Amino acid sequence: MTCNMTQRLISAYVDRELSEDERARVRQHLALCAECMAVYEMTLEVKTALGSMAPSPCPECLWECVRDQIAMLPFQAEPERSSRLSPLRAVWSFARLVVPAAIAGTIVAIPLVHMIFGVSVFGPAGPRQQPLASSTPPRLVITTPASEESSSTRYQPAGGAAPGRTASMLSSSSLLGLDTAINHSEKSDRNASSPHEQLNLLLRRMQDSSFTYTWIGGSTHE
Amino acid sequence: MVNQQALATTAQPLSKDAEFESLVLRYQNSVYNIALRMSGNPDEAQDLAQEAFVRAYRSFDSYRRGTSFDKWLYRIVTNLYIDEVRRRKRNPYVESLDERITMSGGGEVDREIADLSHSPETVYDREHLDMCIQSALAQIPPEFRMAVILCDIEGFSYEEIAQIMGTSIGTVRSRIHRGRRGLRERIAPCFPARSGEVRPT
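For the protein sequence lines, the chains are R and U, in the order given. Heads up: the first sequence at position 63 corresponds to 63 in the working numbering, and the numbers run straight through without jumps. Heads up: the second sequence at position 1 corresponds to 1 in the working numbering, and the numbers run straight through without jumps.
Just so you know, the hints here were simulated from the structure itself, not pulled from any lab data. Model, not experiment: these values are computed from the prediction. Watch out, some of these pointers could steer you wrong.
[Said to hold, decoys possible] EDC-like mimics (lysine to aspartate or glutamate), calculated; alpha carbons at most 16 Å apart, straight line:
1. R/K47 x U/E19
2. R/K47 x U/E154
3. R/K47 x R/D15
4. R/K47 x U/D61
5. U/K89 x U/E143
6. U/K71 x U/E185
7. U/K71 x U/D130
8. U/K16 x U/D61
9. R/K47 x R/E17
[To be verified] The following residues of chain U were derived to be distant from chain R, with all beta-carbon distances above 12 Å:
10. N79
11. E108
12. S157
13. R181
Note that CB positions come from ideal geometry on N, CA and C, so glycine has one too.
Work out the full structure, taking the sequences as your base and the hints as a guide.
Following this line, the structure appears as structure tokens:
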């Protein structure tokens, strides 16, 4: 082993951080080389001198200064309060999230329910008495001719669809927003097809129950 | 040295702030001492130690309980100091030692610098030897200095130093070798009996 190699390993030798093999080779070289031995002794002396440096006492205010700095950190105030009022804070944080979400959800859901299912949320008992009436869009036009004692009611879209198709179009008209007219006629439709008859029956019931139907934002009562 | 495992075990039932306070009080002396040996200046050492503890508090949640708190803390000190040294290198503050010092109340005085290498009657005095070592430490690169301080003052193994400094054991060995070589050359005059024996290799 050369002097250069030995002196590179001397620090690790002093620190006992060499393998047994390396250690043995360094020891052999030191026994024969005065220069490397002097380096070894000086290295040991430096290590000893560093290790025996008088420790300087820490300033007494160190922790106080650290504590003051920590107290000024923006997130510091939260943990203390949360530990003291944790149940109240938990309820508050839950409510703070849930209440606006519930309100927003309700506002969105009401028109959706009305449009998709044809169920009117507001108004006095309209939907329960007459689903057809509740599915009628706001643009519904009701025409009531002179005679009140009619026994038959014709219910047809303004677009002039055939009577036989009226029932099927009624459900879609609420979604499509078609203008629909109710013709309150004196004449009874004797040649009505089966769906038409059912429709007439429903409308008659509607009339019997004081002709109440509703839409969002108000109700009409005749 | 303090048994960190025992501390971590006893500290667990405490709240975060109480646990942190007990750890600071336990390690503040060694952190300050490392900071002082690294910086060579008591005021700077106090700032460094304070900043290290504040940083430690901010990332205290990421400290894994049951692991060695002092190594984790010394790593913060190391990174903080080396970052600071790099920052200063980018924005160096140079002051001439020949310039007279302007006093705050007006007037100027000559700068007095201790000649540590030419006072044999005091060199063996403990305090002067410490000053000599401190002066030598300040002249070696910060990475070498930190490795030597952690090894010789704090008594860590190479493996532990590698963990603290985030390097390989080979790098630690190299840093300690080169750091001590620099110190040998600079401290040798403080040991007159040996000053003629060791020459730089």
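Hint check results:
no.: 1; hint: R/K47 x U/E19; result: violated, 34 Å
no.: 2; hint: R/K47 x U/E154; result: holds, 11 Å
no.: 3; hint: R/K47 x R/D15; result: holds, 9 Å
no.: 4; hint: R/K47 x U/D61; result: violated, 36 Å
no.: 5; hint: U/K89 x U/E143; result: holds, 14 Å
no.: 6; hint: U/K71 x U/E185; result: violated, 30 Å
no.: 7; hint: U/K71 x U/D130; result: violated, 25 Å
no.: 8; hint: U/K16 x U/D61; result: holds, 9 Å
no.: 9; hint: R/K47 x R/E17; result: holds, 14 Å
no.: 10; hint: N79; result: holds, 18 Å
no.: 11; hint: E108; result: holds, 31 Å
no.: 12; hint: S157; result: violated, 7 Å
no.: 13; hint: R181; result: violated, 8 Å
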